[in-house]
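Peer 1: Chains as they are written, first to last, in the working numbering: chain P, 2 to 899; chain U, 1283 to 1461; chain W, -13 to 303.
These are calculated hints, taken from the structure and not from any lab test. Ideal Cβ positions, reconstructed from N, Cα and C, are used throughout, including at glycine. A portion of the hints provided could be inaccurate.
To be verified - Just so you have them, the derived chain U footprint on chain W, three or more residues with Cβ under 8 Å: (1) 40 to 47; (2) 264 to 273.
Claimed, not checked - Just some of the chain P residues that point at chain U, by a computed CB distance under 8 Å: (3) Gly110; (4) Lys133; (5) Gly167; (6) Asp221; (7) Asp705.
Claimed, not checked - 20 Å max Cα-Cα, derived DMTMM-like pairs, lysine to aspartate or glutamate: (8) Lys753/P - Asp178/P; (9) Lys1444/U - Glu257/P; (10) Lys1308/U - Asp50/W; (11) Lys404/P - Glu1364/U; (12) Lys214/P - Glu1388/U; (13) Lys214/P - Asp1363/U; (14) Lys210/P - Asp1286/U; (15) Lys214/P - Asp1286/U; (16) Lys214/P - Glu1362/U; (17) Lys283/W - Asp1365/U; (18) Lys278/P - Glu13/P.
So the chains spell out like this:
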Amino acid sequence: MPIITVDGYELEVKAGTNLLDALLSRNIDVPYFCWHPAMGSIGACRQCAVVQYANKDDDRGRIVMSCMTAVTEGAIFSVDTNNAVTFRESVIENLMLNHPHDCPVCEEGGECHLQDMTVMVGHRNRQYTGRKTTFRNQYLGPFIGHEMNRCITCYRCTRFYQDYAGGHDLNAFGSRDRVFFGRAESGVLENEFAGNLIEVCPTGVFTDKTLSKNYTRKWDLQSAPTVCTGCSLGCNTYTSERYGELRRVHNRYNQEVNGYFLCDRGRFGSGYVDSPKRIRQAGMLNAAGLYDVVSKDSAIEHVRSMLANASKIKGIGSPRASLESNQSLRDLVGEDNYCSGMTNTEREMHAVILDVLRSDLNSPSMSEVENFDAVLVLGEDVTNHAPRLALSIRQATRNKSLKLAAETQLSEWQDAAVRELAQNQRSPLIVVTPMTDRLDEIASQSLRMSFGDITKLTQGLIDALTSDVSGEKQRAGSSESNEVVRGIIETLLAAERPLIVSGTSVGSPELLKRAANLAAALKQHKKTAGIFLCASEVNSLGVCLIDNHHSLESILDEAPEVVIVLENDLSLRLGHRFDSWIAKMPRLIAVDHLDHLTTSKADIVLPAATDPECEGSYINTEGRAQRSMAVFKPAGNIAASYHWLDALRDVTRVPSEIRAALANQFSELQVLDDAAPDEKFRDAGGKQPRMTHRSSGRTAMYADISVHEPKQPIDEDSAMAFSMEGNQNRSPSALRAYTWTPGWNSNQSIHKFQIEVNGSDVAANPPSFVFSDSESFCHYPRGNISNNVLIPQFHIFGSDELSAFSDELSQRVPLPYLRIRSEDAQRLGLTKDDGVMCDQVKKSTPLRIIIDDDLPVDCMVYPKIAELFELNGLDNASFVRIDGWHSPPAIITSDRTN
Amino acid sequence: MLLDMLSAIWSQLLTLAEVLKHTFTKADTVQYPEEMPYLAPRYRGRIVLTRDPDGHERCVACNLCAVACPVDCIALQKTEDEDGRWYPEFFRINFSRCIMCGMCEEACPTYSIQLTPDFEMCEYDRQNMVYEKEHLLISGQGKYPGYSFYNVAGKSIAGKDKGEALNESPPVDVRSLLP
Amino acid sequence: MSDLVLYLLVFGTLGGAFAGAAILVWFERRLLGIWQDRLGPNRVGPLGIGLALADIIKLFAKEDWVPPFADRFVFIFAPTAIVMAMLLGFTVVPYTSELHIADLNIALLFFLGMTSLAVYSVLLGGLASNNKYALLGGLRSAAQMVSYEVFMGLSLMGVVMLSGSFSLVDIVNAQAERGWFVISQFFGFVVFLIAGIAESHRLPFDLPEAEHELVAGFHTEYSGMKFGMFMLGEYLGLILISSMITTLFFGGWLGPGFLPPIFWFFFKTFILICFFILLRAGIPRPRYDQLMSFGWKVMLPLTLINLLVTGAVELWL
C-alpha cells in the first residue's frame, strides 16, 4: 500500500486508486461533481483540484485534478494550500455563472450536492454581471421532472444513463455554454433505471415528480431503513414519510446488494401505501353485500367466534408479507393448515432455488454478479422480473474492457479512457428467451425460443459438458442446434467466471432444475462458475422455507370451512381458477391493506399495515435475511398483520419474539436476528432516531387539530423511535434512517459511512445468509418438458402485486395486448391493432394485437398485469376478434396536464 | 499582585458608584398599557405573509422558515398551481409557541414572511393562537415593496417564460448548428 | 428596666423584624428598579407598598406541600431553624444604651453562634429535599458558611481588643471614646462586611441559591410558607448583619444630639441595608471556587494581619 503525503501528513492509501477516492476514504473533504463512486473519474468538472509537488524541495507545485491522479508511493499533495483553494473557488464560481436563483423552488434544495460543494469551497458572491443562459425544459414522463437551467454540465447524467444503465434516449446536445442534457424530443425516459438520475444529478436538473407532488424537504422526512418489496432481490431503500403519508423512496447503500442504484419500480412503486384503494378500517360484509365498518375489538370478536365454530380452518400466507406475519398466521392455524400462498408450480420452482442455495453451487450476491465475465441468461426476463439484476449484468459485460485496460496498464477508474479503449467489446452475454429482451442490445448472442426449447437447449449444454468430461461422443441432433450448443459451451469455458442466470418468470420448474444441473456440470470444468436464480417475490424463499410443502392448491382441495388469507391476492395466483374457487368458498377472512379481488370477496377484512408501516424480515433470492423497519405508524385501526393475527389468539408479541419462535422451529432462520439489532438495542441509552435533527414544525404540524402537541407514537416493535433524538451518525446501518453528515447534506455523504469509497458500511451487520452452502449438489432427474403456448410477459411496471396501485406508476402499466406471430395472425384472421377476447374466461378484457415475428413458433404473449389475471395459468387459449374495436390511445395521464 | 487586587477592588467600587448614579436617571420603561411605547417598523411582533406586486402569494413553500424556527412552530405543505407557482397548501403558525425571534423572516428568500410591530395578540383559549394561512396572509407587500421572487428565479411560470427573468438571456435553441 | 418595657421591647423587636423583612421585599425590588432604570413594583397601593402584604397573603395561601420523596420532618424543620436563629440573634442588639433586650457579657459570641446555626437550616433543607440541585446548594452553603465563619469571628477580635469587652453596649460605649471602629478597624470592617454577606448568602454570594445553575439551590423543592420562611430568614439576616455592623463599626446609637440616639441607630442600619441592595444591583456572582479561594487565601490572612497589628498597637503604643 503506497504512502502519500497530504498537507504534511503521511497517509497509507489503497494501491491503484485515484487521489480523490483515497482522500475521501481517509475522511478528507475534497469537493467534486463529475466523479461518482460507482462510475469512476472523467475529470470534467475540474472541481477536485489539489496541488501536487514534485519533491520535498518543490514549494510551488502544480495543480492536478485529484480524481485523475493516481496515488503513487511518496507522492506529495496539498489540499489546503492557497493555490488549490482559490482554484477550486474560481471553478465553482464559473460553474455557478448560469445557475438560476432557484433553490427555494427546487426539489433538490437541502440535499443538493452543488449547495454543499459551494458552501465547502466558500464561494458567496456572483461577480459576473452578464446574462444567464437559459433552456427550455422537456417532459420526461410521470416520474422525473426536468429543469435544465440548473445544470452545471458535469455529464454524470449521460454517463449513468448511457454508459452505466444502457439507455439511449438521454443525450448531451449542443456545445460550449449551450450544452443541453435531455431527449431528442419530449417524452417518457425509457430506461428502467432513469429514476437514479434524481440521485446521480448533483443538483436539481432531474427531480422526483412523485415527491414534488407532495414535496417535503429532506430534513423534514421521517425515514427508516427498509427493504424494497417490488421483487425478490430485496434492494435496500430509505422510505420516507411526512404528515402520515409516504413521500419518497431513496436508495440505501448496501455494498453486497444494490450498491448505489435502484430500479424505477422500487423507487416509484410504493404509492400503494396511500392509494385510494387502501383499506383503513376493519370491515364486515353485510347482507346487502356491502361492508360495515366495525371497531377493532368487535372485528376480533367476530373472527374469533367464526374460528371457534369451524373445525377446518386453513391459513394462506403470502410471499409478499414478512416472515413475522406468516409465522403469526402459522401459529394461529397450525403448521399443517398453513400454506405459503404459492401455487404448486411456484412452490416447486422456489424449492429448486432453495436447493441451489443450500448446495455447494456458487450462488453470488447481486454485486458479485458484476465480477462474472460470461453470463448465460436462460429464459428469465431479468429486466422486467428482477430489474436491478439487469443493471448488474450490464456491468458484468464490462469486464472485457476492464481486462483490456489492465493489459494496457490503464486504471479501472479512468472511466472515459477505459470505455474508449474497449469501444463495443464486451464480455459475452448470451440471452436465451422467448421474447425480445432489453439485454439483447449488449448480448453477444440472443436466441429466441420457447421455454420448452430452452429447457432442451439447457439439457443439450449439460450433455455436451458431461460428455466432454467423460470423453463420450455427443448425442446426435440437428447440426444447427449442435452448432449453437458448441458455441455457448466454448464461450462459457473460455471465461474465467461464467454465470448462469434464470428465474421463476420462466414458469417452469423443469427449466430451473436443468439450469441448476447445468451450473453443477459447468462447475466440474470451472470451479468459479456461478448460478443466480431469481425468485418471484420479496419473501418467496422465506415462506417456502416454513410452509411444510403445502401449496395453495393442496390447502384449498381440503375443502376448508374458514380460510384466512394474509396479504395475498389469490386471483393473480389462481388465474382462471379463481372464480370457481371463490364460488365454493364458505368463509373468507382477509388480512390485507388493499382493496383487490380477494379482499372484496372476504366476509371480514382486517386492515393490515403495509411494509413501510411495520417491521418485517424478508429473505431475498440470494438467501439473505434482511430487516425492513417501520417508517411511520399508520392512522386508525391499521395494525401490522402479525399484531392482528396474534390478537386473534389473544397474545401480544413483538416481532423479535415471533422471530424467536421461527428460529426455534427452523434452525436455518436463527440468522434472522442477526439482520438487525432487536428492539432492546440502545445507543447511549436511547433508541435510534427516524427524524433528522433538523425536523421542523413539531409544535405546529397537528396544531389545527389541537394546540396541545400530541405525544410521539411509541414504537415497541423496534429499537427505532419516532423522534429526532439520538445520533443517526452512530446508528448501525440496519437502523440508520438516512445518510447525513455535517457539510454533506446530499446522498453523496454516503462515503462518510463507508469503510473506504465503495467499501462496506462502517456499521454494517455481517451479512446474514439463511442457507449454508454445505450440502453437495444432487443432480435433478430429468422430468417432462411441457410447452405452453400462452406466455405471460413480465413488465417492470405492473407485473407485481402492489406497485401498480401507485398513481404515477400505474400510468406506465402497459395496456392489454396479445403478441403473436404473423402466420398465427393470418390463421386467425387478425391484423395489427385488432381487438381480441379470450373466450375461455368469463369477463375478458380486450387485447390489442401486436404482430411480432421474433417470437418462437407456437407462442402467444400477453402482459402479466392484474387486469388480465384470468389468463394466468392457461396453457393455451383461443381468442376471437372483437369487431369494430379500436385500441385506446396510450397516453400517460400526466401527458395531458403537461 | 497587590496592584492587581487594588485595581480590581477599585473597579468594583466604580461599578457600585456607577449603579448608584442611576438613582437620578429616568426610568426607561413606561406604564403600559396606559402609556403606549413607540414600536419601530422593524419591531418583531405578529407574523404576516405578504404578496408580491402582482398580488400573488409571495410564499413559495420552500420550508426555510420552518427549519429556521427554533421552537418548530411553523408547519406548511408545498403544492403547485396550474401556473407552475409553488405555494403553501396550508401554512400554520402556532403563536402559543412563537417567540418572535424573527429567524423565519431572516430565512425567507422571497420576503414573504414578515414580522410586524403588533404584539397584542392574547387569547383566552390557546387554540385561538393557532393561525392558518387565511389569518396570516395580508393583501400588501409589507416592508419590501416591489420584490417578486419569480422575476429573479430561473423557474418559468405562466406569464414569465424562460429567459424573461432578471439578467437572463433568451432560451438556447438546442437545434442550432451555429458554433 | 421594667418588665413591661422589656415585653414591649421583645414584641416590638419581633414585630419590627417581621414587618421590616416584609417591607424589605418590596423595598429591595423598588430600589433595584430605580438603579436598573425600571419602574419596579408600583401597582399595589401607593408606590406599590401593598406588594409586601400581597406577598405575605400569597405565601400563606399557597398549598402547604411536601414532596413525597422528601424527608418530611427535616424538610419542615429546616426553614423554621433559620428564622429562629436569626430572631435569637436580635436579642443582643442594643438599640440605645438603655434600650436592649439583653446585654450579655458574651453578646458578640452569642451573635456569632446564632448566625452559625443558620447553616443547619440551609444544609438540612437541601439534604431533606432529596433533589440534586438542592443537595448541591446545601453543600455549597455548608462549605461557604463554615469557611467565612472563621474570619468573621476573627475579624471582630480587633474590635474586642480595642473595647476590651464582648458586650455590645460596652463596644458602642468604647466607640464614644475612641471614635468609630470603622476607622481604626477598617480591615476588620471590610472582612466582616464581606463575611456578613456570605453568612446571609445575599448576592453576590448567593451560591447556595444560584438560580442560573442550580434552579433555586437548597430551596428548589420549597413552596408556600416554608419557602416564605427561608426568604424571611434571609431578610432577617440582612437586617441583623446591618444592625451588627452599625453597632460594631459605626458607633451604634451614637450621633449628633439633635436627634434621639435610637434614630441614629436605625438610620445607620437603613443606610447599610441600602448598601447591601446596591451590592446586589452592581456586583456579579463569583464562581464557587473563586469564592472559596478568596475566603481562604485573601480574607483569612488579612484578618490575621489585622489582628496582629491591632494587638501590637494596643500592646506597645
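Peer 1: All hints, please: hold or fail.
Peer 2: Status of each hint after checking the structure:
1. 40 to 47: This one is violated; 0 residues, fewer than the three required, reach chain U with a Cβ under 8 Å.
2. 264 to 273: Holds: 5 residues of the stretch 264 to 273 of chain W have a Cβ under 8 Å from chain U.
3. Gly110: 7 Å, holds
4. Lys133: Since the shortest Cβ distance to chain U is 5 Å, the answer is holds.
5. Gly167: 24 Å, violated
6. Asp221: With a minimum Cβ separation of about 7 Å from chain U (threshold 8 Å), the hint on Asp221/P holds.
7. Asp705: Hint holds; Asp705/P Cβ to chain U Cβ min 6 Å, cut 8 Å.
8. Lys753/P - Asp178/P: Violated, because 34 Å separates the two Cα atoms, which is more than 20 Å.
9. Lys1444/U - Glu257/P: 44 Å, violated
10. Lys1308/U - Asp50/W: Given that 20 Å is the threshold and the Cα spacing comes to 41 Å, the pair is violated.
11. Lys404/P - Glu1364/U: 53 Å, violated
12. Lys214/P - Glu1388/U: 27 Å, violated
13. Lys214/P - Asp1363/U: Holds, at about 11 Å.
14. Lys210/P - Asp1286/U: At roughly 70 Å apart (the allowed maximum being 20 Å), Asp1286/U and Lys210/P break the hint.
15. Lys214/P - Asp1286/U: This hinted pair is violated, its Cα atoms lying about 69 Å apart.
16. Lys214/P - Glu1362/U: This hinted pair holds, its Cα atoms lying about 8 Å apart.
17. Lys283/W - Asp1365/U: Violated. Lys283/W to Asp1365/U sits at ~77 Å, over the 20 Å cutoff.
18. Lys278/P - Glu13/P: With a Cα-Cα distance of about 57 Å, the restraint between Lys278/P and Glu13/P is violated, given a limit of 20 Å.
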